[in-house]
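Start from the sequences, fold in the hints, and give me the full structure.
Protein sequences, first through last, are from chains E and D. Every number in the working numbering is 586 more than the matching position in the first sequence, counting from 1. Every number in the working numbering is 63 more than the matching position in the second sequence, counting from 1.
Treat the hints as calculated values from the structure; they're not laboratory data. One thing to keep in mind: the hints can contain errors.
What the hints assert, rightly or not - Short derived list, chain D residues pointing at chain E, Cβ under 7 angstroms:
(1) L82
(2) P104
(3) G105
(4) C189
Stated by the list, open to error - Computed from the model, here is a short list of chain D residues facing chain E with C-beta under 10 angstroms:
(5) A182
(6) P193
(7) G194
(8) G196
(9) R234
(10) P237
(11) P258
Just so it is clear, CB atoms sit at the ideal spot from N, CA and C, and this is done for glycine as well.
Take a look at the letters that make up each chain.
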Amino acid sequence: MSAPAGGTRRSALEVVAAGPLTTVQDAGRFGHADLGVGRSGAADAASYALANRLLANPPGAAALETTLGGLRVRARGPVTVSLTGAEAPVTVDGRGAAANAVLHLPDGAELALGVPERGLRSYLGVRGGLDVPPVLGSRSTDLLAGLGPDLPVPGALLPVGPAPAAPPNVDQAPVAPVGGSEVRLRVRLGPRDDWFTEEAVATLLSCAYEVTPRSDRVGARLSGPGLERARSGELPSEGMVAGSLQVPPGGEPVLFLADHPVTGGYPVVAVVYSADLPGAAQARPGTRIRFTL
Amino acid sequence: MNHREGAVRVLRCADTGVLVEVAGLAEVIALRAALAAAPVPGVTDLVPAARTLLLRIGPGTDPDAVADAVTALPPPPEAGGEPGETVTLPVVYDGEDLDDVAALTGLSRDEVVRAHTEATWTVAFCGFAPGFGYMVGDDPRLRVPRRGEARTRVPAGSVALAGEFTGVYPRSSPGGWQLLGRTEARVWDLDRQPPGLLRPGVRVRFTDAGLP
Numbered sequence: 587m588s589a590p591a592g593g594t595r596r597s598a599l600e601v602v603a604a605g606p607l608t609t610v611q612d613a614g615r616f617g618h619a620d621l622g623v624g625r626s627g628a629a630d631a632a633s634y635a636l637a638n639r640l641l642a643n644p645p646g647a648a649a650l651e652t653t654l655g656g657l658r659v660r661a662r663g664p665v666t667v668s669l670t671g672a673e674a675p676v677t678v679d680g681r682g683a684a685a686n687a688v689l690h691l692p693d694g695a696e697l698a699l700g701v702p703e704r705g706l707r708s709y710l711g712v713r714g715g716l717d718v719p720p721v722l723g724s725r726s727t728d729l730l731a732g733l734g735p736d737l738p739v740p741g742a743l744l745p746v747g748p749a750p751a752a753p754p755n756v757d758q759a760p761v762a763p764v765g766g767s768e769v770r771l772r773v774r775l776g777p778r779d780d781w782f783t784e785e786a787v788a789t790l791l792s793c794a795y796e797v798t799p800r801s802d803r804v805g806a807r808l809s810g811p812g813l814e815r816a817r818s819g820e821l822p823s824e825g826m827v828a829g830s831l832q833v834p835p836g837g838e839p840v841l842f843l844a845d846h847p848v849t850g851g852y853p854v855v856a857v858v859y860s861a862d863l864p865g866a867a868q869a870r871p872g873t874r875i876r877f878t879l
Numbered sequence: 064m065n066h067r068e069g070a071v072r073v074l075r076c077a078d079t080g081v082l083v084e085v086a087g088l089a090e091v092i093a094l095r096a097a098l099a100a101a102p103v104p105g106v107t108d109l110v111p112a113a114r115t116l117l118l119r120i121g122p123g124t125d126p127d128a129v130a131d132a133v134t135a136l137p138p139p140p141e142a143g144g145e146p147g148e149t150v151t152l153p154v155v156y157d158g159e160d161l162d163d164v165a166a167l168t169g170l171s172r173d174e175v176v177r178a179h180t181e182a183t184w185t186v187a188f189c190g191f192a193p194g195f196g197y198m199v200g201d202d203p204r205l206r207v208p209r210r211g212e213a214r215t216r217v218p219a220g221s222v223a224l225a226g227e228f229t230g231v232y233p234r235s236s237p238g239g240w241q242l243l244g245r246t247e248a249r250v251w252d253l254d255r256q257p258p259g260l261l262r263p264g265v266r267v268r269f270t271d272a273g274l275p
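Rendered as structure tokens:
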């Protein structure tokens with residue numbers, strides 16, 4: 587195929603298989619919370635940022651976030667990619683390839699992810715970023731609000747943006763393994779810890795909570811000892827942040843992730859610090875979480 | 064003593080947010096307007112709600128500095144001092160819950176419609192879905208509880224009541240509010256700038272479009 591006159595042909599990624607869930611994500615949607623629009627963005631912001639850093643992309647370039655592997659994409663034109671986050675076995679045209687590294691896919695090459703042994707979400711960064719149309723300034727798909735790029739389905743062509751001027755200057759990044767059977771997350775109590783008994787707060791900080799299969803990009807629904815309220819009545823809805831441990835009447839907390847509701851009507855006993863949110867986003871069902879101050 | 068003290072509580076959401084609790088909606092609206100006019104560095108989003116304003120902060124911003132900046136703000140002017148933009152929404156009042164609302168309020172169907180159209184509503188905050196504005200009015204007779212059971216599907220454009228609020232469903236979704244009618248107005252349109260018609264501070268008048 588020849589390039590159109592006066593320009594270079596843009597490369598694209600063709601989706602061959604999306605696995606259990608693949609979305610387009612960037613650093614998130616800022617400045618529209620007062621319209622009821624949430625932040626969204628990559629659930630594991632650290633792994634997403636690394637994918638872009640490896641490729642010398644600007645920090646907000648759009649990437650694919652894929653859940654429990656299974657993603658297969660074919661390069662349409664040469665594409666340079668990186669895979670970070672949950673370490674799924676990677677192959678390019680059937681040959682093993684490295685995670686946390688710069689991978690050059692020639693035209694027609696197919697990259698395939700297996701199922702990660704630990705962790706939950708992997709990021710496929712693309713040099714130049716995925717150039718799908720932004721919605722309200724972001725290329726993040728917010729699954730709760732139904733905003734942003736469509737889900738990449740088999741056959742979808744995702745255009746790749748122009749490569750940045752700077753070449754990638756690292757081939758491979760050393761990273762600590764992502765995920766594990768137990769994770770510690772640091773929290774700060776509040777804003778509504780005064781809605782709970784002292785025993786409930788002590789329980790939260792001493793017992794393990796297990797991530798249930800009813801977990802998604804909105805939040806990790808946890809199973810464990812219930813947290814008893816110190817007062818009755820209803821809390822007027824208030825703004826929420828990612829990392830909030832919201833406690834519905836049943837007493838088992840929900841740990842809010844990237845697509846959490848903008849406001850919520852149940853009290854938040856504690857909030858996970860932003861540095862530990864990537865660990866929360868990588869906790870697959872069955873993972874035990876321990877909260878510490 | 065600063066007369067804001069006592070009325071304002073500043074709470075922390077780890078290193079990602081500062082939650083300011085005030086006396087009521089009027090204070091939320093005034094504080095949001097004050098912070099929108101004079102932004103605090105590092106604050107990425109303001110999330111107004113019924114009794115609180117959440118300031119979301121970006122990475123590397125010191126939450127204590129943001130909290131101090133909020134505490135140091137001069138008392139906001141009385142809410143209602145400067146009227147905002149006014150939006151008029153024509154409504155076909157044929158909602159499925161009109162009879163229930165009449166029974167709950169002790170008004171007739173016509174009186175419910177008259178009260179809803181004569182009240183001045185102000186968008187206090189958004190939430191639930193993009194473009195869903197929680198509007199507060201000046202007629203306490205229209206306060207009704209949510210329905211005992213939520214509907215699995217409320218059509219887009221439905222105009223509804225619950226608690227101290229009225230709202231318009233921006234898209235078809237589940238919902239538990241009492242349905243009064245429907246409007247053809249698109250309260251959420253991504254091809255418009257800004258996409259939301261019902262933004263905090265906007266005044267809203269409903270008009271009776273008559274039955275088709």
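Verification of the hints:
no.: 1; hint: L82; result: 5 angstroms, holds
no.: 2; hint: P104; result: 14 angstroms, violated
no.: 3; hint: G105; result: 12 angstroms, violated
no.: 4; hint: C189; result: 3 angstroms, holds
no.: 5; hint: A182; result: 21 angstroms, violated
no.: 6; hint: P193; result: 5 angstroms, holds
no.: 7; hint: G194; result: 6 angstroms, holds
no.: 8; hint: G196; result: 8 angstroms, holds
no.: 9; hint: R234; result: 7 angstroms, holds
no.: 10; hint: P237; result: 13 angstroms, violated
no.: 11; hint: P258; result: 7 angstroms, holds
In this structure, the hints that do not hold are numbers 2, 3, 5, 10, in rising order.
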